[in-house]
Amino acid sequence: EAQVTQNPRYLITVTGKKLTVTCSQNMNHEYMSWYRQDPGLGLRQIYYSMNVEVTDKGDVPEGYKVSRKEKRNFPLILESPSPNQTSLYFCASGVGETQYFGPGTRLLVL
Amino acid sequence: QKEVEQDPGPLSVPEGAIVSLNCTYSNSAFQYFMWYRQYSRKGPELLMYTYSSGNKEDGRFTAQVDKSSKYISLFIRDSQPSDSATYLCAMSVGAQKLVFGQGTRLTINP
Chain A
166 EAQVTQNPRY LITVTGKKLT VTCSQNMNHE YMSWYRQDPG LGLRQIYYSM
216 NVEVTDKGDV PEGYKVSRKE KRNFPLILES PSPNQTSLYF CASGVGETQY
266 FGPGTRLLVL
Chain B
5 QKEVEQDPGP LSVPEGAIVS LNCTYSNSAF QYFMWYRQYS RKGPELLMYT
55 YSSGNKEDGR FTAQVDKSSK YISLFIRDSQ PSDSATYLCA MSVGAQKLVF
105 GQGTRLTINP
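In order, the protein sequence lines correspond to chains A and B. In terms of my numbering, the first sequence opens at residue 166 and continues consecutively. In terms of my numbering, the second sequence opens at residue 5 and continues consecutively.
No incorrect hints appear here.
Quick list of in silico lysine-lysine cross-link-like pairs, BS3-like style, CA-CA up to 25 Å:
id: 1; chain 1: B; residue 1: Lys74; chain 2: B; residue 2: Lys6
id: 2; chain 1: A; residue 1: Lys236; chain 2: B; residue 2: Lys101
id: 3; chain 1: A; residue 1: Lys230; chain 2: B; residue 2: Lys101
id: 4; chain 1: B; residue 1: Lys60; chain 2: B; residue 2: Lys71
id: 5; chain 1: B; residue 1: Lys101; chain 2: A; residue 2: Lys234
id: 6; chain 1: A; residue 1: Lys182; chain 2: A; residue 2: Lys230
id: 7; chain 1: A; residue 1: Lys222; chain 2: B; residue 2: Lys6
id: 8; chain 1: A; residue 1: Lys222; chain 2: B; residue 2: Lys101
id: 9; chain 1: B; residue 1: Lys6; chain 2: B; residue 2: Lys101
Calculated directly from the structure, the hints in this document are not laboratory data.
Given these sequences and hints, build the entire structure.
Set out below in structure tokens:
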């Protein structure tokens with residue numbers, strides 16, 4: 166079954182405490198991306214990766230880092246989270262008609 | 005001005021009605037047009053995918069693209085309570101980087 170998994174699904178943290186949200190896909194996709202979803206703003210792309218070791222900024226990359234050391238994994242790193250990064254985060258894998266989204270990670274930064 | 009505009013609703017219709025959802029956009033370079041359905045607490049799932057102008061039909065769903073007017077539509081015939089969800093339009097220049105509308109929340113009342 167085609168699947169994109171994210172962990173954790175829910176996270177409450179405090180300002181400045183580094184965190185990582187993991188994303189994994191089982192479809193052998195080269196393209197993966199991260200989005201954040203905020204009320205009134207829709208989904209906005211944070212970072213994307215065309216393949217292993219190839220990543221680039223999306224529309225809202227400030228405050229985030231990513232890495233792509235293996236094809237299946239694309240973690241999102243918040244080195245020093247701030248309250249304005251409170252949001253719903255989605256990892257996506259694939260492109261076009263074969264793009265799949267993960268179930269989302271709801272993050273609250275206090 | 006946002007690149008993609010979508011009325012957030014909410015939209016409430018009786019079961020069996022025809023639903024019309026719409027998005028307008030400003031970037032004439034967009035070539036790929038998509039509609040996603042997002043249930044509460046879930047990730048978006050691809051519903052319809054079209055390239056360039058024209059219509060595409062899939063069961064009770066019809067997607068229309070009018071590039072001359074920079075306007076896309078999704079029609080749902082014989083709407084069911086299970087169609088209650090948020091519907092997101094998305095578009096891209098290449099097949100990869102998506103620009104989303106903010107989503108329309110739809111409720112189908114039994």
